[in-house]
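Going down the list, the protein sequences come from chains X and B.
Okay, so the first sequence: first residue is 1 according to our numbering, each after it adds one.
Okay, so the second sequence: first residue is 1 according to our numbering, each after it adds one.
Honestly, the hints are just simulated from the structure, not real lab data.
Glycine included, each C-beta is placed from N, C-alpha and C at the ideal position.
Misleading hints may appear alongside valid ones.
[What the hints assert, rightly or not] Distance condition first, Cα-Cα at most 25 Å in a straight line; then the derived DSS-like pairs of lysine-lysine: (1) X:K273 - B:K58; (2) X:K273 - B:K162; (3) B:K58 - B:K42; (4) X:K273 - B:K333; (5) B:K333 - X:K346; (6) B:K58 - B:K146; (7) X:K178 - X:K85; (8) B:K56 - B:K42; (9) X:K205 - X:K17; (10) B:K56 - B:K149; (11) B:K56 - B:K333; (12) X:K346 - X:K17.
[To be verified] Which chain B residues stay away from chain X? Per the calculated CB distances, all over 12 Å, these: (13) S34; (14) V44; (15) S148; (16) K161; (17) H237; (18) D238; (19) E244; (20) H272; (21) M279; (22) S284; (23) R287; (24) G297; (25) P306.
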Amino acid sequence: MSAIPADDIILEGVGLKKHFGGGGLLSSPTIVRAVDGVSLGIRRGETFAVVGESGCGKSTLGRLLLRLIEPTDGDVRYEGRSILKLNKSELRGLRRELQIIFQDPYASLNPRMNVGDIIAEPIWLHNLASGAEKRERVADLMRTVGLLPTHSDRYPHEFSGGQRQRIGIARALAGDPKLIVGDEPVSALDVSIQAQIINLLEDLKDRFGLTLVIVAHDLAVIRHMSDRVAVMYLGEIMELSDTNALFDNPLHPYTQALLAAIPVPSPTGRQPKALLQGDVPSPAAPPSGCRFHTRCPHARALCKEQHPALEAAPDGRRVACHFWREIQGAGAGSISAPPPSAALAKRLALYQTWRERQDKPVATSP
Amino acid sequence: MGHEAVRQPSAEVHRIGDAAVASEPPLLNVQGLSVRFDGAPKGVNVVDDVSFSVSKGKTLCIVGESGCGKSVTSLALMGLLPTPPARIVSGTAMFDGRDLLTLSERERADLRGDRMAMIFQEPMTSLNPAFTIGDQISEGIVRHRKVSKAEATQRALDMLKKVRIPAPEKRMRAYPHEMSGGMRQRVMIAMALANDPQLLIADEPTTALDVTIQAQILTLIRRLQEETGTAMILITHDLGVVAEVADEVAVMYAGKVVESGPVEAIFDDPQHPYTIGLMGSVPSLGRRQGRLATIRGTVPPAELMPKGCRFTPRCPFSDDHCANDPPPLAEIKPGHRARCWYAPLEIHRGAAS
Chain X
1 MSAIPADDII LEGVGLKKHF GGGGLLSSPT IVRAVDGVSL GIRRGETFAV VGESGCGKST
61 LGRLLLRLIE PTDGDVRYEG RSILKLNKSE LRGLRRELQI IFQDPYASLN PRMNVGDIIA
121 EPIWLHNLAS GAEKRERVAD LMRTVGLLPT HSDRYPHEFS GGQRQRIGIA RALAGDPKLI
181 VGDEPVSALD VSIQAQIINL LEDLKDRFGL TLVIVAHDLA VIRHMSDRVA VMYLGEIMEL
241 SDTNALFDNP LHPYTQALLA AIPVPSPTGR QPKALLQGDV PSPAAPPSGC RFHTRCPHAR
301 ALCKEQHPAL EAAPDGRRVA CHFWREIQGA GAGSISAPPP SAALAKRLAL YQTWRERQDK
361 PVATSP
Chain B
1 MGHEAVRQPS AEVHRIGDAA VASEPPLLNV QGLSVRFDGA PKGVNVVDDV SFSVSKGKTL
61 CIVGESGCGK SVTSLALMGL LPTPPARIVS GTAMFDGRDL LTLSERERAD LRGDRMAMIF
121 QEPMTSLNPA FTIGDQISEG IVRHRKVSKA EATQRALDML KKVRIPAPEK RMRAYPHEMS
181 GGMRQRVMIA MALANDPQLL IADEPTTALD VTIQAQILTL IRRLQEETGT AMILITHDLG
241 VVAEVADEVA VMYAGKVVES GPVEAIFDDP QHPYTIGLMG SVPSLGRRQG RLATIRGTVP
301 PAELMPKGCR FTPRCPFSDD HCANDPPPLA EIKPGHRARC WYAPLEIHRG AAS
């Protein structure tokens, strides 16, 4: 995982802005600044995560990066070329290489098409194969994501949530993409199904050499999957860092607060927490200066007046806070999940052993 | 095995959930509750032989994935199940000397919102969009207490202060759509606690909320519970939330309790393969430990439910015995029960690896 070169950027956002609204003829103009000046580069072969609370603009950013919506300002570069100036046919070619998986698999599948046709559509659209070859490819894709090819004539409503998400993944893979954006790909699923999909995404990434951009709010999922993380708040990046560095030593007070709020899955680690007060302010009227100052426990007069830049910190990290050097020493935030108890560790290992045997029952018999 | 011998004393201490605690009977004692939906195959109940108890001031967490019957259980207790299609087949739920399941509709309505109250997952759909927050909270007070409108309004205002809503006087006149998700959930809690209930049932109270708001609400619930001594049943799928708030835990799978016990026992010494698989499925917050453990497949539909242990088709340890004979909820250690033929697993299933 560490072998990803830092300068091989596959997809880049430069000063991206997306403002919604502006008001109709009779209404007063309210402009929602969903994404407000975001620059980031995604390295080839990495898993990049964008995390934040609802309304922070993370999904909008994901869509901007694929040009599913047009930015108000800024540029998106894929392989060094701006994708905003492409014409329709060029854009169609691009769609093959950049794909997206949505949160709600049911809402994103056409209920009147059978699964085989849903997966075959990108293949047909890009003239990749036809006839028997196309059918073979669909069957192949279904096997790849863990569905039975014999189910290709069924309709989306006949599948469970986890299986529908697999259909969505198969469709995304159909055009041989280079990069996939997952917009909360597992948050609508049950825990045991979530683990299956996470493992599947990781396997596919290795197998097809994909770059993944995961937009999510679940920090445990992000820690597990991603190489680098961008933490967003009210349309801006607050901190951008390697995943392990971010979780071991969060620099920005918002990151610290987010980490502190995660429930720790161990009853022995219960302790009173320093909690963030209040709600996220409306993105239609973001606070002046640093957007986090209304909830920040370390806020000072300067934070209200001056907007902090996303400045460079050691180890290639970036943080948008005037006082991160001082706050860093406060020791807040870093989370330490206690290791599993001896009994749990032992049984988990036993479970894994038997689980592998369950997947290939012929290879070994107990 | 030396490890388990060491744990024995701590398990002795936590016997709260056991109905056998002599000094004080539990506030709510559910025994053998089974609920059936019309049209389901014979012998397959959505909730099957569920037993648990909650004592005053304690929190029981019911954990499980969608469709495991945790919400149906809570709705049955509140008397909110639509009948038909749902029918309570058997069981008792003794609450303060009365069986909740045999009460008339009128008696239930007197209990609901007064002695026992419920908080739902999605506050926007459980609040009436056409009435102000103040009216909705005082409505419940007027229904159950002999008070004037003005006294009820005052009580509602006190409740909003208690759940720490900023500018409560102003919020009394606000409509639900004018508030954020976290604030609405606070209103729901204020409404539920307005008549000082002895039992609070919270069905996924924080699932729809952001993580920082979730932490606020959990802290609030816990603080209020300490102040009032209310017993709570918290229904959730999030093991992190369970670890934060539970005293006792019941893990449900496909309508049955598969494991129950004190929270420390469940997390430090899980016995049922489903509990273990569930814990392995949750990504760790520490450094990456390799691939996640997974539970194969999904919950089988009712018509394919195995006649033995319902976890058989997904369980890595299962065999013919599991498929044919339903295991009992056997006591592994005092207060800690698991519904598995092969618990503890390292004894019955360790050698073969």
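Item to check | Index of numbered hints that the structure contradicts, given in increasing order | outcome: Of the numbered hints given earlier, those the structure breaks are 3, 4, 6, 8, 9, 10, 12, 17, 18, 19, 20, 21, 22, 23 and 24, listed in rising order.
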